[in-house]
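Fit chain B to the supplied structure of chain A, relying on the hints for placement.
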Amino acid sequence: MKLHEYQARALFAGAGIPVPASNVAFSASEARGVAEEIGNPVVVKAQVLVGGRGKAGGVKLAQTPAAAQEAAEKILGLTIGGYPVEKVLVAEASDIEREIYLGAIVDRDAKRILLMVSGEGGVEIEQVARNNPSAIHREFVQPSSALDAHQGRRLGFMLGLDWRQVRQFESIARSLVKLAVRIDASLAEINPLIVTPEGDLRAIDAKVNIDDNALFRRPELAKLRNSEEETGPERRARESGISYVKLDGDIGCMVNGAGLAMALLDVIKLQGGEPANFLDVGGGADAAQVRTAMEIILADPAVNLVLVNIFGGITRCDEVARGVVAATSGLDRDVPLVVRLVGTNEEEGLAVLRSAGISAYTGMVDAVNEAVGRAAA
Amino acid sequence: MSILVDADTRVLVQGITGNQGSFHTRLMLDYGANVVAGVVPGRGGQSVHDVPVFDTVEEAVDRTQPNCGIIFVPAFAAPDAILEQAAGGVPLIVCITEGIPVIDMIPVYHRVRAAKSRLIGPNCPGVISPAHKVKVGILPGQIHLPGPVGVVSRSGTLTYEVVQSLSALRLGQSTCVGIGGDPIIGTSFIEVVDMFERDPSTEAIVVIGEIGGTDEEQCAEFIADNVSKPVFAFIAGRTAPPEKRMGHAGAIVSGGSGTAVEKIKAFESAGVRVATIPDEIAAAARSALS
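These protein sequence lines are chains A and B, in that order. Residue 67 in this note's numbering sits at position 67 of the first sequence, and the numbers go up by one each step. Residue 290 in this note's numbering sits at position 290 of the second sequence, and the numbers go up by one each step.
Hints are computed from structural coordinates only; laboratory data are not their basis. It is possible that part of the hints are untrue.
Straight-line distance between alpha carbons at most 27 Å, and here's what the computed DSSO-like set of lysine-lysine pairs gives [stated by the list, open to error]: (1) K244(B) <-> K87(A); (2) K223(A) <-> K244(B); (3) K60(A) <-> K74(A); (4) K229(B) <-> K2(A).
In silico negatives: residues of chain B with every beta carbon more than 10 Å from chain A [to be verified]: (5) S22; (6) G45; (7) Q46; (8) H49; (9) D55; (10) R63; (11) A115; (12) H132; (13) D194; (14) R198.
Don't be surprised by glycine CBs; every beta carbon is placed ideally from N, CA and C.
Here chain A stands alone, though its shape is the one from the complex (with noise of 0.2 Å):
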């Protein structure tokens, strides 16, 4: 899950990381009393969550509580990365003498929280790993996942900083570790963190995911979602425990699996289909998940048939015959389906398929070929 960088702001705020005052505003003339309340200069910036909002024109400086309603206006009408600007952050405006990167992600390799910092704050640490991956340091946090005083100040003194901003700096890698472990979050970035001409060290953006696994025992932040992260079948899917991401192609699919999911993917590209969507109906679906999963795909107006794939191990195939069946019986859009059904109760599920006048392959590439040859047609 993606928190905007003013709820982010929040968090880092509440862990004692120094972060300008700010507030969100949902309006230009809410931006414009924000900017009164500030009382200085202020960043007016586009809340939305996708990076690159600084090239599309969603982050203005504003000298007067007028100009940053002027900035909120034009903000306010842009649309960044697919996503239309809702809301902005009206942010304090800091004097910059230096940025820096500091990020904490888990890393999958040494199993252990990893801290980075760069000297090229401001810019997205993938471009300095590709471009210059010796100006990135490093410290994995050790396993009781909390970042040693020394780590913290060992960093700092490769930034080059002073000794006043290293113990500034290594409060806030700490603060920082300590919070990514309270929220459960899967990154955690300040980019930039700045040092200000008075030496003062002030984190100016904030960015948080937080593992989805995580948020059944932080409902604190589960609450914190934002609609435009998914859309309104995403989010069904999401509820009734389905995998769902929509893709651009024609062809609606149904898998049992992950694996197996991304696999049909992949043979209908190599077939030369276009998968419409990638769906996990989830281990052990019964017959309603199998329906609301039926229901999700064609919700989408661009899918003009449906493959499902479905191996069954824990899941029985006669459940997923009796969610197919029900599922299409009841329908206003007449949808060819294409079903390829193999595994634990296998008979049991084509006889289901076939008094519904559904028929059915074992394998699963002649399954692809007929739901490729279909949907060209």
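Here is chain B on its own, set in the frame of chain A:
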């Protein structure tokens, strides 16, 4: 022969009274596995399919001497279940549970290693060895045959797909190991491939990977330097869009890293044949082994 499990495997099922635990205990028993104990706190003294249930792993270990544990408990309790098995000295722990918060797995991974136990998973289908009629997991037994192919995979149903096509060509499996689809898992591709390389009953190795992380790339490097047996691979997610989690928590192309293209390239440069369609693996293995 086989890896990880064999005729001497004695299985402890944690979460045996739950829906999944009870259902799959039945299937493991039917397949031929020796399930010796169940553990569910508060349910000690009961039995499930004639398997005695204990309150603690410690008691189950004392009374029934399991050498392998499987975990079916929900995500919120699974990290503790893994640690309880490690503390009880269970040498092989298979965690089926999906949805464990990744930060929970950090201390668990390191503590299991320190306890000298081996963890398979989480979010995995488990381990099966057809020649010994031993299954510690949820893999459908009926599609497997005894034979010379070692299979290791991050996926469940995609593995079944490949296994079925292997069995259709009368290519049985020495052992199939699902290592799990999460970002942090107890056992890597390299470790399982290394076991297959040393296992006399395994003549060919199948690696089924997917997008996300760099475990496949590291495995490819290992294969180039250390593996003499023929290796065949499939990588799922060639067409997956970036920054989207494809079902498995670990299946995501992030910041341009973890793509199928990189993994395929790594395997090919290590001399591994990479199939474009899962079924092709069986045909390639058939011709290599005949």
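How the hints compare with the structure:
1. K244(B) <-> K87(A): holds (24 Å)
2. K223(A) <-> K244(B): Status holds; Cα separation ~21 Å.
3. K60(A) <-> K74(A): holds (10 Å)
4. K229(B) <-> K2(A): Roughly 44 Å between the alpha carbons, so the hint for K229(B) and K2(A) is violated.
5. S22: holds (13 Å)
6. G45: holds (29 Å)
7. Q46: Holds: least Cβ distance 24 Å, greater than 10 Å.
8. H49: Holds, because the least Cβ-Cβ distance between H49(B) and chain A comes to about 17 Å, which exceeds 10 Å.
9. D55: Holds, because the least Cβ-Cβ distance between D55(B) and chain A comes to about 25 Å, which exceeds 10 Å.
10. R63: holds (30 Å)
11. A115: For A115(B), whose nearest Cβ neighbour in chain A is about 13 Å away, the distance exceeds 10 Å, so it holds.
12. H132: holds (20 Å)
13. D194: holds (17 Å)
14. R198: holds (24 Å)
Going down the numbered hints, you'll see the structure goes against just number 4.
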